[in-house]
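**Student:** Chain by chain, the residues:
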Amino acid sequence: MSVRIAAAVLLVVGAAAPAHAELYYVIVGGLGGEAQYTEQFAKDTAALAAVARRTTAPNRVTLLQGEGATREAVVKSLESLRTKAKAADNLVVMLVGHGSYDGEAYKLNLAGPDIDGDELAKLLTAVPARSQLVVNATSASGAVLDKWAAEGRTLITATRSGFERNATRFAQHFAAALAAGSADINKNGAITAQEAFDYASRSVADSFEKDGALATEHPQLKGGAAGRFTVARLASAGPPEPAVTNPAVAALVAEREKLDEDIESLRARRESMATDVYLAELQKLLVQLAEVQGKIDAAQPRPAQ
Amino acid sequence: MTARAWLGAVAACAAATAAQALTIEYSLDRPKELLACDEQANRGARAEAAACYRRLVTASTDSRIKADAARAAGDVRGANGFFQAALKEYPEDPALRTRWGELFAATHQNNEAIKLFEEALELDGTYAPAKIGLAKVAAGRYEEKTGEWAKQVIDEKPDEALEAYLLLARAALEDGAIDAGDDALDEALELAEDHDRSPLEIYALKASVDLLRNTTNSPWTQRALALNAGYGDIYAIPAHFYVITRRYREAIALLQKAVDIEPDLYTAHAELGQNLLRENKVDEARPHLELAFRGDPFSAVNVNTLRLIDSFDNFVLTPHAAKPAAPGSNAANNPGVLLRLHKDETAVLEPYVLDLVDRTIQAYSKRYNFELKQPVIVELYPDHDDFAVRIAGLPGIGLLGVTFGYLVAMDSPTGRADSSFHWGTTLWHEMAHVFTLEATNHLVPRWFSEGVSVYEEWSTGPLKGRHIPLPVFAAMKEDKFLPVAELDRGFIRPEYEAQVIVSYMQAGLICEYIAGRFGQEGLARMLDQFRDGKDTAQAIQGALGISASDFDEGFAGYVDSQLGSVVAQLDVWQEKQKDLHETVQSENWQSVVGKAAEVIELFPDYVDEGSAYIAKARAHRELGETALATSTLLEYRKRGGYDPDALIALARTLGDAGRSDESLDVFKDVLMVAPLRAEVHRDYGDRLMSANRPREALVEFQAFLAMNPQDLADAHYRLAKSYVALEDKAKGREHLLYALEIAPHYREAQQLLLEIVR
Chain C
45 MSVRIAAAVL LVVGAAAPAH AELYYVIVGG LGGEAQYTEQ FAKDTAALAA VARRTTAPNR
105 VTLLQGEGAT REAVVKSLES LRTKAKAADN LVVMLVGHGS YDGEAYKLNL AGPDIDGDEL
165 AKLLTAVPAR SQLVVNATSA SGAVLDKWAA EGRTLITATR SGFERNATRF AQHFAAALAA
225 GSADINKNGA ITAQEAFDYA SRSVADSFEK DGALATEHPQ LKGGAAGRFT VARLASAGPP
285 EPAVTNPAVA ALVAEREKLD EDIESLRARR ESMATDVYLA ELQKLLVQLA EVQGKIDAAQ
345 PRPAQ
Chain L
-12 MTARAWLGAV AACAAATAAQ ALTIEYSLDR PKELLACDEQ ANRGARAEAA ACYRRLVTAS
48 TDSRIKADAA RAAGDVRGAN GFFQAALKEY PEDPALRTRW GELFAATHQN NEAIKLFEEA
108 LELDGTYAPA KIGLAKVAAG RYEEKTGEWA KQVIDEKPDE ALEAYLLLAR AALEDGAIDA
168 GDDALDEALE LAEDHDRSPL EIYALKASVD LLRNTTNSPW TQRALALNAG YGDIYAIPAH
228 FYVITRRYRE AIALLQKAVD IEPDLYTAHA ELGQNLLREN KVDEARPHLE LAFRGDPFSA
288 VNVNTLRLID SFDNFVLTPH AAKPAAPGSN AANNPGVLLR LHKDETAVLE PYVLDLVDRT
348 IQAYSKRYNF ELKQPVIVEL YPDHDDFAVR IAGLPGIGLL GVTFGYLVAM DSPTGRADSS
408 FHWGTTLWHE MAHVFTLEAT NHLVPRWFSE GVSVYEEWST GPLKGRHIPL PVFAAMKEDK
468 FLPVAELDRG FIRPEYEAQV IVSYMQAGLI CEYIAGRFGQ EGLARMLDQF RDGKDTAQAI
528 QGALGISASD FDEGFAGYVD SQLGSVVAQL DVWQEKQKDL HETVQSENWQ SVVGKAAEVI
588 ELFPDYVDEG SAYIAKARAH RELGETALAT STLLEYRKRG GYDPDALIAL ARTLGDAGRS
648 DESLDVFKDV LMVAPLRAEV HRDYGDRLMS ANRPREALVE FQAFLAMNPQ DLADAHYRLA
708 KSYVALEDKA KGREHLLYAL EIAPHYREAQ QLLLEIVR
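Residue numbers (this note's numbering), protein chains in the order written: chain C, 45 to 349; chain L, -12 to 745.
What the hints contain is simulated information worked out from the structure, not anything from laboratory work. Ideal placement from N, C-alpha and C gives every residue a C-beta, glycine not left out. Please note: incorrect hints may appear among the correct ones.
Here are the simulated lysine-lysine pairs, DSBU-like style, with alpha carbons at most 30 Å apart [unchecked claim]:
1. C:Lys302 with L:Lys716
2. L:Lys330 with C:Lys254
3. L:Lys565 with C:Lys254
4. L:Lys655 with C:Lys339
5. C:Lys254 with L:Lys718
6. L:Lys716 with C:Lys328
7. C:Lys328 with L:Lys718
8. L:Lys451 with C:Lys254
9. L:Lys716 with C:Lys339
10. L:Lys655 with C:Lys254
11. L:Lys718 with L:Lys655
12. C:Lys120 with C:Lys130
13. L:Lys563 with L:Lys451
So the derived list for chain L, only partly shown, Cβ under 8 Å to chain C, looks like this [unchecked claim]:
14. Ile11
15. Ala404
16. Gln737
With the hints as constraints, model all of the structure from the sequences given.
**Tutor:** The following block contains the structure:
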């Protein structure tokens, strides 16, 4: 039996889907082998689980860790999503632990027999959810960058190839990203895959620089939907806006969306405008946006946390 | 004996130079054919000499003569080829290998030169020119072996010892032993006359003796020029002694004269360029360095320095205007500051560097009764190798900062790990050098300038308390402090590995002793004495009224009273330190507390690597004893501890406990060691805003933004709040717009924008 830590697999279903879309998380935290890894992986999976439960209903969060994170358990939890998840749903998978690569095949190290990259790829593809985020935070995870790429799937790996074999720091920083206000670049109270990746990869690089060490891992992101895939809600953000039932509020929301588009359009023209002209126009739109938001908040105050 | 092929070594040289600066030949076995050409070269008939050498290259049947002639004619590649051929013909000739070694030495390939000199000595163990060759290489490195080789030649071959005396003379003059140097030159002169060798170099060193005795119009200069009107070294050699005593302006004047009369004296052009750079005259320096490079493409110093000048394109040179003291105020005149900071760091570092420089000007002007006469130039180098080239022309130097007068160059905080380099202290130290150098027209001896700088670090600098590295205590235990009158030797010609740092600390303690016994004005009076040209013993007598030997006695007693107990218990302390760290590994925190307390009691001032204060604070934290952890770190900080992680934790703990002023003071300390941690600027700025100090918060948030943090919207928002607090709505609005441009739904920023525009 392998004494290495099984990978922590965190499935987080994105909240960017339409209102009826569900968000599924599977988190696997395995054995660490050495005490420092056991402790670190346990901390990482606990942090990820807390984020998951804040973001979706607890019954859509699967946590596998320690001796419970076996190949059989991983297969069973992903296969169960074949029937539970629908095409419109979102799926997030996170692997935390030790991975290995022998030049041909990637393996995720679990308690008991390992699971290889090809088998995991098949299991992921079999889940009907069209929008997927897979975060492989293990060592040698870069080996799966090409093989796991798929339509509708955003893939994040801790390493750029299978040859970066040192135990990784990425999972710890990714977990921190999902809870950090400073990762929420657009301040909407939610962390997208892109925001989490940007924050975590910068943190990883900074941690090596602070230690005066050469980086032994270089996180990668593949797939075009990372900026739209919401992985987590921030605890500080409070509950999301309630669903709009009042026609007046619906009109305000529509106005807000129009202002968002106008701002986006103005930003696209920034280079061709003088700075003071640009800022004056931006200010007009932003003030209107702030006023509209104020009216929305007044019309339907958010429930207390 | 080896029949080694030296293919390609000197052939790696670039094309030979057409003109060749004068190399004076002294060896008594030099072939007479070459001596005839040398005679013309020595009297300045360069064209005739060159033709003479070229004729020998063509006509001589002896490949050894061809090689030497080619070298003298400036054909390095040709010379190398002839030497290679000659070695096959004359494998047993020590003179041949020696001459070839001299070619390598002349092209800065000292390791190859040494090998050839050693091979020559294997053939003839007393061959004087080979020993002289080894001595010259050692002299270039300021090694003690210079004297050893030279004395061997004097003992074994007194007739051939002319160059040995020259080397001993140079070393003596460099050490300040002027009489001994002069005596050695007299011996050299006698040998030159006896053996009909050129006295030009001897005259140049004699002129250096006069210069060091403050006679600038030396008769030896005219004697040399009468023999050879184009002998540039008559000025360049004395200039070297100005350079090593840090009188760069005087050196520049002499070096200019050297190149005026000998325009292809490339070594002088190189030195002139280097020294112009020390005066921040970059545009004037460059053409000399470029010329030096063309004439001597083998010199790594020239190449590196030119590359450094090119790299100045990556720096921003920012002048800060003079601030004259208001009439009747207590402030000192600030003549202005020029900062040269890397473009990636200038936005963050500039306010802190400027503030520190301002504070040193205020402090030192009063403490040393001297006002600066021109702006100070301060340069910070993120790349340590660039800094090393700036100061010595070659990478790999171990210093943190250097002062050339009004110009200070040092490592930037990014050049070193922030737990080991307190940049604020380094700048404080270097600024003290500006004052001690300029107040004495650069006549201050090295030991005193360093001593004042170290003493000021301890007493007025941003990091309080004495910081004495452990090797210094070991040296004190072995009674290795030098008499004060000899202390310069510890810096210039160290005899054991740690002697330089020991000398620094001894000098600092001496200045501390003077200030304590004779007052701060005692130090100022010492500077006056040095400015008037007094040596150390004379200065002590004149400024303090006691003899140097009485001073040494008093100082020894002072050291014993201050540090005797630490020295006596050093071994015990080290054992307990080791035991403490093993206990930390075992995480037995209760035991760590007790053991750390014992270690601290033995040596309370020790706050460097592995400090027991850090271990004790950690143990208290692990045991949930927050207040004790805090008080331990406060004591650590009071004694000058500066581990940034420890200080940041302390600052935050104090802030969270409502001890706002103390928290802010600690944050300020963190910036003196780790100014490039974005989160420190952010947190410090937040707490300054909470303490209603928006002007200072603004500086922090500007630095935070300049560091391009991940969350730019947040950085702009913080900056906007501080502008609004300062009632600068225009700037506040601007930064709010930038924040909202990134994050249009940023609620807090939206609210503030509405407040501003309504």
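**Student:** Hints first: check each against the structure and report whether it holds.
**Tutor:** A quick look at each hint next to the structure:
1. C:Lys302 with L:Lys716: Holds, at about 28 Å.
2. L:Lys330 with C:Lys254: Answer holds: Lys330 of chain L to Lys254 of chain C is near 21 Å, not above 30 Å.
3. L:Lys565 with C:Lys254: Holds: Lys565 of chain L and Lys254 of chain C sit about 26 Å apart, inside 30 Å.
4. L:Lys655 with C:Lys339: The given pair, whose Cα atoms are some 43 Å apart, is violated under the 30 Å limit.
5. C:Lys254 with L:Lys718: 34 Å, violated
6. L:Lys716 with C:Lys328: 16 Å, holds
7. C:Lys328 with L:Lys718: This hinted pair holds, its Cα atoms lying about 17 Å apart.
8. L:Lys451 with C:Lys254: Holds. Lys451 of chain L to Lys254 of chain C sits at ~26 Å (cutoff 30 Å).
9. L:Lys716 with C:Lys339: 25 Å, holds
10. L:Lys655 with C:Lys254: 20 Å, holds
11. L:Lys718 with L:Lys655: 25 Å, holds
12. C:Lys120 with C:Lys130: Holds: Lys120 of chain C and Lys130 of chain C sit about 17 Å apart, inside 30 Å.
13. L:Lys563 with L:Lys451: 25 Å, holds
14. Ile11: Violated: closest Cβ of chain C sits about 50 Å from Ile11 of chain L, beyond 8 Å.
15. Ala404: Because about 6 Å separates Ala404 of chain L from the closest Cβ in chain C, which is inside the 8 Å limit, the hint holds.
16. Gln737: 4 Å, holds
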